[in-house]
Amino acid sequence: MNLTRRHFLVLVPAAAVAWDSVVAGTPEAAPNYKTSEHWWGMLVDIEKCIGCGSCVRACAKENNVPDGYYRTWVERYRITEMNGVESIQVDSPDGGMNGFPEVNEPGVKAFFVPKMCNHCADSPCTQVCPVGATFVSPDGVVLIDEKYCLGCRYCIQACPYGCRFLHPEKHVAQKCTLCYHRIVQGLTTACCENCPTGARQLADLKNPNDPIHEFLRHHSVQVLKPHLATGAKLFYNGLDGVVR
Amino acid sequence: MPTNGFMYPNEIELQWSVLIVLYPFLTGLVAGAFILASLERVFRVDAVKPTYRLALLTALAFLLAAPLPLQLHLGHPERSFEMYMTPHRSSAMAMFGFVYLWYLMAVLVVEIWLDYRRDIVVLAQTSKGLKRLVYRALTVGSTNISEQALAIDNRVGWIVTLIGIPSAFLLHGYVGFIFGSIKANPWWSTPLMPVVFLFSAMVSGIAAVLLLYMVLNRLRKQPIDMRCLDAVAKYLFYTFIIDFSLEMLDLIHRIYESDESFRSLDFMVHTRLFVSQVMIQILLGTVAPIVLLGVTQILQLPEIARKRIYALCGCLTLMGIFAMRWNVVIGGQLFSKSFLGYTTYKIGFATREGLLPAIALTLLPLVILWVLVKLLPPWSDAEAETFASSGG
Chain A
1 MNLTRRHFLV LVPAAAVAWD SVVAGTPEAA PNYKTSEHWW GMLVDIEKCI
51 GCGSCVRACA KENNVPDGYY RTWVERYRIT EMNGVESIQV DSPDGGMNGF
101 PEVNEPGVKA FFVPKMCNHC ADSPCTQVCP VGATFVSPDG VVLIDEKYCL
151 GCRYCIQACP YGCRFLHPEK HVAQKCTLCY HRIVQGLTTA CCENCPTGAR
201 QLADLKNPND PIHEFLRHHS VQVLKPHLAT GAKLFYNGLD GVVR
Chain B
1 MPTNGFMYPN EIELQWSVLI VLYPFLTGLV AGAFILASLE RVFRVDAVKP
51 TYRLALLTAL AFLLAAPLPL QLHLGHPERS FEMYMTPHRS SAMAMFGFVY
101 LWYLMAVLVV EIWLDYRRDI VVLAQTSKGL KRLVYRALTV GSTNISEQAL
151 AIDNRVGWIV TLIGIPSAFL LHGYVGFIFG SIKANPWWST PLMPVVFLFS
201 AMVSGIAAVL LLYMVLNRLR KQPIDMRCLD AVAKYLFYTF IIDFSLEMLD
251 LIHRIYESDE SFRSLDFMVH TRLFVSQVMI QILLGTVAPI VLLGVTQILQ
301 LPEIARKRIY ALCGCLTLMG IFAMRWNVVI GGQLFSKSFL GYTTYKIGFA
351 TREGLLPAIA LTLLPLVILW VLVKLLPPWS DAEAETFASS GG
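For the protein sequence lines, the chains are A and B, in the order given.
The working numbering numbers the first residue of the first sequence as 1 and each following residue consecutively.
The working numbering numbers the first residue of the second sequence as 1 and each following residue consecutively.
One or more of the hints may lead you astray.
Only pairs whose alpha carbons sit at most 27 Å apart, straight line, appear in this in silico DSS-like list of lysine-lysine [what the hints assert, rightly or not]:
#1 B:Lys234 with B:Lys49
#2 B:Lys346 with A:Lys170
#3 A:Lys48 with A:Lys61
#4 A:Lys225 with B:Lys183
#5 A:Lys61 with A:Lys170
#6 B:Lys234 with B:Lys221
What the hints contain is simulated information worked out from the structure, not anything from laboratory work.
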């Protein structure tokens with residue numbers, strides 16, 4: 001191998017970046033994780049979302065999500081206003097997995113809204129589960145025990161955000177787990193890790209050093225359907241009033 | 001095109017099928033039939049006495065079949081028992097299991113047994129072979145049919161019926177609560193839902209017993225007791241008026257309030273639900289029978305005309321109440337919770353949750369009722385003999 005000094009100097013920083021990435025993706029040992037020390041949520045910055053669908057693809061791959069069902073998806077809103085009357089058009093082809101077809105419409109307000117389970121503190125889905133197969137973990141993540149779920153689908157009806165579905169083969173309810181298998185290892189979720197613009201940020205509301213606190217102090221942050229008082233922990237920055 | 005506008009991607013597939021439509025329909029018939037039976041027992045309405053036992057057996061037959069559509073619908077039916085073993089106390093569905101069991105075991109079975117105890121003991125003594133064994137088992141070792149013992153049966157039966165009325169209210173009110181308590185779904189979420197379910201249950205139960213009474217008497221070639229039929233029809237009319245008023249109250253309230261869901265729901269009623277809601281449920285299934293029954297209350301019609309009107313009203317009512325269950329269950333899933341789109345329900349035929357099992361589960365209670373009527377004839381001894389000799 002003929003390696004010049006110049007090539008070597010270029011490769012070393014690249015290798016360092018690659019190594020850093022490998023280390024970042026290596027799970028830490030779980031025993032130190034204490035559920036009582038965390039209270040998880042997520043921050044979505046609408047202004048940063050470019051609708052690329054990386055989060056949807058990453059989620060599907062990480063969690064083996066069946067085709068046609070979504071633990072996370074991205075919606076595109078296009079709003080036109082004429083004489084004080086708003087016309088709203090929303091699309092989400094394949095959950096926004098492969099991005100969105102380009103449209104060039106002058107005078108249209110357009111933006112993307114990533115959606116997923118809101119990991120509600122007072123979640124209507126856990127309230128209705130007849131056997132308690134779905135529950136809020138002590139660290140604030142709504143989870144489903146697949147070995148216990150009856151497949152009655154009451155929780156799917158009770159979710160105001162359309163985040164749940166019945167797995168076509170396992171015949172149990174499924175939804176976003178906030179990549180629980182990752183966050184207990186000290187990693188972030190697959191969607192956050194793959195977001196190229198940092199529009200999605202995992203937030204630990206119990207960690208005083210988490211930047212979420214600073215962000216919430218300085219921004220007008222909203223949750224979806226606040227009138228339903230679900231205690232949603234999916235916080236949106238720059239959320240338009242028309243989004244449901 | 002299966003969808004219009006925008007649905008959340010997981011919403012496109014409907015979760016609760018025709019089997020879940022069937023479930024409140026069947027439990028409604030139970031509650032209604034029982035409340036009709038209790039009219040005679042508790043409120044001493046003698047005119048409806050000929051339907052008393054038939055109403056009880058109808059309630060039992062439908063109650064036995066009611067959980068089957070649920071069981072067939074579950075993703076994991078083998079785990080359904082967990083609902084009793086480890087119930088989640090905040091879940092309306094989990095608590096319903098106990099309400100169901102209470103109603104079946106503590107009310108209906110006890111009341112029927114007490115009412116039939118004398119007949120069962122007599123049949124255990126007079127019948128032969130396998131029948132004798134069945135009746136002997138049904139006596140549960142209680143063979144004392146002295147006047148004193150029967151008086152106790154009667155007294156206890158009265159108390160059970162008294163407990164049974166609120167239990168029947170609870171049974172079907174609870175079914176309404178399962179839907180009415182879902183705040184995520186504005187089509188369902190109303191405190192009126194349990195009350196509307198309850199009164200529609202009474203309407204359907206009374207109509208079912210009325211029809212069954214007419215059909216069975218025809219099969220048995222027995223004259224129909226018109227005093228009884230008129231009384232049952234009168235109760236059907238009154239209950240229907242309350243039911244219709246409640247449904248209209250709900251509708252007017254929604255229109256007047258016009259909350260954020262209104263435009264979406266209004267569009268749905270005028271398009272995808274127009275036939276099943278406006279045509280079948282409201283016009284054919286409610287307004288038409290109320291008007292026809294009203295005519296029988298006002299005009300002195302001949303017996304044959306009244307019979308025909310009652311039979312027609314019974315059929316229209318059952319169709320209307322089934323449409324009401326359909327519009328609640330299926331209608332509640334046709335619109336998006338984003339209020340921006342609509343999906344379609346496609347019913348399968350010979351699939352697990354298709355039309356065929358739905359038809360089979362609708363007919364099953366009638367088969368159970370036929371067995372129950374054979375085993376425990378709901379009419380007097382003399383009539384029963386005629387029934388047996390005519391081949392029933």
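Hints, one by one, checked against the model:
1. Using a Cα cut-off of 27 Å, the hinted pair B:Lys234 and B:Lys49 holds, with the two alpha carbons roughly 14 Å apart.
2. With a C-alpha separation of about 22 Å, the suggested pair B:Lys346 and A:Lys170 falls inside the 27 Å cut-off, and the hint holds.
3. Only pairs whose Cα atoms come within 27 Å are accepted, and A:Lys48 paired with A:Lys61 is accepted, the gap being roughly 23 Å.
4. Straight-line distance between C-alpha atoms of A:Lys225 and B:Lys183 comes to about 11 Å, which keeps the hinted pair within the 27 Å bound.
5. Between A:Lys61 and A:Lys170, the direct Cα distance comes to roughly 17 Å. Compliance with the 27 Å bound is thereby established for this hinted pair.
6. In summary, the hint linking B:Lys234 to B:Lys221 is supported, as the alpha carbons are separated by about 24 Å, within the 27 Å threshold.
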